[in-house]
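K.L.:
Counted from 1, the sequence shown has number 306 at position 306 by our numbering; the numbering is strictly sequential.
Read the hints as simulated data drawn from the structure, not as lab findings.
Just so it is clear, CB atoms sit at the ideal spot from N, CA and C, and this is done for glycine as well.
Treat each hint with caution, since some may be false.
The calculated lysine-lysine pairs, modelled on PhoX-like cross-linking and capped at a C-alpha distance of 20 Å, are [to be verified]: (1) K45 to K100; (2) K100 to K55; (3) K219 to K238.
Cβ pair distances, simulated, as ranges [unchecked claim]: (4) L42 to L64: 17 to 23 Å; (5) N321 to T190: 37 to 43 Å; (6) I22 to E226: 24 to 30 Å; (7) E29 to L302: 33 to 39 Å; (8) C65 to G28: 23 to 29 Å.
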Amino acid sequence: MSPHTTFHTRNARFIHAPPQAIHLFHQGEFVGPFVYGYDYKLDMKTLKRAFTVNKDKVHPIRFLCRGDSYRFWGTFESNVHLFCPANQTLTFTKTGAEPKVSNKDGTLFLFGTDRLGRDVLSRKHLWLTDFTDHRIDRHRLQLRARHRDRRAGGLLRGWVDNIVQRVIEILRSFPEIPLWMALSAVLPVTWSPLLIFFGITMILALLDWTGLARAVRSKLMALREEDYCTAAQLMGAKPGRVIGRHLLPGFMSHLIASASLSIPGMILGETALSFLGLGLRPPITSWGVLLNEAQNINVVALYPWLMLPVVPVIIIILAFNFFGDGLRDAADPYK
């Protein structure tokens with residue numbers, strides 16, 4: 001989906017360049033999807049770049065083209081992109097005349113560029129891929145921990161349940177944001193920013209299962225008194241079989257809804273921490289890192305397109321919420 005990757009060369013000529021609009025017609029003639037080139041002048045007093053659209057320079061957009069290399073969802077190496085910047089620039093001098101073709105590479109900044117001349121759209125897409133890979137690992141660890149808690153605390157009684165609940169209370173006593181700060185300081189400084197984020201994610205995955213575990217325990221305590229659960233125990237079924245075959249289907253819809261709603265919570269948490277400078281740090285890309293550049297009100301006033309990462313955050317949060325509601329309704333055994 002991205003025309004570039006974060007390893008895309010920083011373009012010093014297009015620092016804080018505004019977004020380029022896509023056009024189909026040039027001077028009344030159909031050309032195909034393209035963007036107009038930019039000319040800029042540097043104000044020697046304020047050192048601000050003033051970009052103006054040059055409608056004589058047409059940069060056609062290429063589709064299904066080869067560009068920067070990347071790993072497709074972390075699986076295999078590829079360099080095929082859905083769309084790419086132009087590899088030739090068309091310069092129109094007169095109306096109706098044939099354009100001059102030059103081999104200069106064109107530009108394609110649909111969401112503008114940042115303070116280093118990097119494409120904002122590509123950085124947002126790359127972060128979403130990395131975020132998904134790490135969150136899958138985190139959910140696996142959380143589900144394993146929740147399964148152990150359901151087996152130990154929901155069906156078993158007495159001292160086992162008491163120990164599990166005391167462990168949950170201890171884990172829930174740690175404030176999350178100071179814990180992020182402490183972990184950021186404890187992890188080795190020789191680690192890369194991505195490895196530090198991976199380490200923090202794994203540790204928090206082992207600490208963030210307690211909220212759902214409490215809800216699952218209360219549901220199990222209510223279901224274990226049902227006749228079918230008692231009959232299964234009298235037939236000699238082990239606790240694991242009772243939970244997996246008889247109790248788990250009764251609250252599967254709750255687990256699905258909680259799992260789907262935890263993903264938006266983690267997205268907002270990572271975005272907020274990176275925005276405050278406690279999470280990911282450059283050169284790693286994330287929506288929080290992108291929004292960190294827009295903390296200054298003067299920067300927002302001069303370069304409002306730096307606030308565009310807010311749009312995909314809102315869209316993906318709403319998408320996961322609707323997706324979770326649909327899964328919950330589909331898996332609800334009482335409907």
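K.L.:
Are the Cα positions of K45 and K100 separated by 20 Å at most?
P.N.:
36 Å, violated
K.L.:
With 33 to 39 Å as the target window, see if E29 and L302 comply at their CB atoms.
P.N.:
35 Å, holds
K.L.:
Given the hint of 37 to 43 Å, check if N321 and T190 actually sit that far apart at their C-beta atoms.
P.N.:
Taking Cβ atoms as reference, N321 and T190 lie about 39 Å apart, which means the hint holds.
K.L.:
Between the alpha carbons of K219 and K238, is the straight-line distance 20 Å or under?
P.N.:
Roughly 19 Å between the alpha carbons, so the hint for K219 and K238 holds.
K.L.:
Holds or violated: are the alpha carbons of K100 and K55 at most 20 Å from each other?
P.N.:
Given pair K100, K55 holds - Cα atoms ~14 Å apart, limit 20 Å.
K.L.:
Taking the CB of C65 and the CB of G28, does the distance hold inside 23 to 29 Å?
P.N.:
Cβ of C65 to Cβ of G28: about 27 Å, so the range 23 to 29 Å holds.
K.L.:
Okay, I22 versus E226 on CB: inside 24 to 30 Å?
P.N.:
59 Å, violated
K.L.:
For L42 and L64, compare the CB-CB distance with the range 17 to 23 Å and indicate the outcome.
P.N.:
Distance hint for L42, L64 is violated at roughly 37 Å.
Comparing the model with each earlier hint shows violations of hints 1, 4 and 6; every other hint is respected.
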